[in-house]
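Protein chains in written order, with my numbering: chain W, 40 to 324; chain A, 2 to 160.
Simulated restraints on C-beta separations:
#1 Lys59(A) x Tyr245(W): 55 to 63 Å
#2 Tyr100(W) x Asp157(A): 18 to 26 Å
#3 Tyr245(W) x Ala60(A): 53 to 61 Å
#4 Ala60(A) x Ala68(W): 45 to 53 Å
#5 Gly137(A) x Leu108(W): 35 to 43 Å
#6 Thr15(A) x Arg284(W): 39 to 47 Å
#7 Asp21(A) x Arg81(W): 40 to 48 Å
#8 Ala79(W) x Gly122(A): 26 to 34 Å
#9 Asp210(W) x Thr15(A): 57 to 65 Å
#10 Ile219(W) x Ile136(A): 53 to 61 Å
#11 Ala71(W) x Asp21(A): 41 to 49 Å
#12 Ala134(A) x Arg81(W): 24 to 32 Å
#13 Val88(W) x Ala60(A): 33 to 41 Å
Beyond 10 Å from chain A on every Cβ pair, some chain W residues (computed):
#14 Gly185
#15 Glu189
#16 Leu296
Simulated from the structure, these hints should not be mistaken for laboratory data. In this text the structure is predicted, and so the values were computed from the model without any measurement. Built from N, CA and C at the ideal position, the CB exists for glycine as well.
Each chain, letter by letter, is given below.
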Amino acid sequence: MMPRDPACIACRRLIAADLDRELSASDAAAIAAHLEGCAACRAEREALVALGRTIRETAPYFEAAPDFLADLDRVIAAESARGAASPASDPVSAPVSSPAPVVSLVRPAMGPKMGWAMRWAPPGISLAALAASLMLYLAVPGPGDGLIEEAVANHVRALMADHLTDVASSDRHTVAPWFIGKLDFAPPVHDFADRQFPLIGGRLDYLDHRPVAALAYQHKKHVINLLIAPDDGRGGAGLITEEKRGYTVLRWRRDQLRYYMVSDVNGQDLLTLWHLLQVPEMERE
Amino acid sequence: MHAAYNLARWLTGTDAAARDVVQDSCVRAFRFLHRFSGGDARAWLLAIVRNQSYTWLKAAKAEQALIDIDEPGLVHEPALIDDLTPERALITRQNVAALHKALAALPPQFREVIVLKELEGASYKEIAAVIDAPIGTVMSRLARARALLRAAVAEDLGS
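Okay, chain W solo, but in the shape it has when bound (with noise of 0.2 Å):
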């Protein structure tokens, strides 16, 4: 039945919408107080809320298969390279010096130095951090090594108990060598001030039962952890970003060794300090 109190059919328009959790407290609160009271407007949520759930239960999600990732890399990675090969004429790129930005999609798998050979003239990094985000949808992350929720935990708990540094510096030539005789692998340590990412300096943490590098940067307000542990070969190789507890996770693995950036500011920063670590000889000596 079409119901004809108003009061119905009002709360009818917007049930849906509640169940979707798309409407204002106020409008939620007021579709509660109405479905109280009448059991036709709870019927029909009843009937919403079943339709809903069997859908999200029971029809298929087609999840690419394998195969057909591993053809879409190839494709891209063409594509990629052809980018490069032919400078962009488009009218936004153009200011940009050639080379043209180009991010390559192809997964270290495939060369030992392909994997993230970047290139792009200064002025581009926006374009080049712009791809960045776009790549993470694109290009086919591994699994994760389990660590990521070790990784914010390590994050949190150096913020709580105030200690981000063992040794302050912005100097990474004071960081640096530090490390040495602390770890049996030589993190590499790099300041980027001059990009809004000053280096606050670095510490001792522990990770996966081993002591590892961690070096802290500083982003507007915001702390951003990168953790630095030798490479185990476990999980993915590609960039893996993930979301935990309202923190943002980016891991990536590079020359023998794992990252994790561990933070609370938005992801697109994330990219751009990753992009930065990527290619840190952009870093003016």
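With chain W fixed as given, assemble chain A onto it according to the hints.
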């Protein structure tokens, strides 16, 4: 990438077509990266996948499926569910098959909003970005799509 594939697969109906569509979409996304104006990269990619899916559907002579819909008056969706008691319209495990059939048979404009909302968990805002329509349109299409599905299932029960 799974989201892209799932959408393409639901819109085109076959794995072969979904592969073609997703591959074309990725190439286009890469080529037209400079047109990406910031914001939600996932929605942007899904919008390309959606457009490519429609292009494919058209090429497959499926234009008849693209019913021109009239937006006003759809919001509370009376006609289809008026004569259904809630009990009859209630979806149960027994008529899941009918529901799936009805979903696959929905016109693409309605199928896509259901897929994005229920299977992808997208917000109205994200769906609006993907289908390039106002949020009001997203809401009315969802309402219409759900009413169509309930009617189809009820019909199946009645038969």
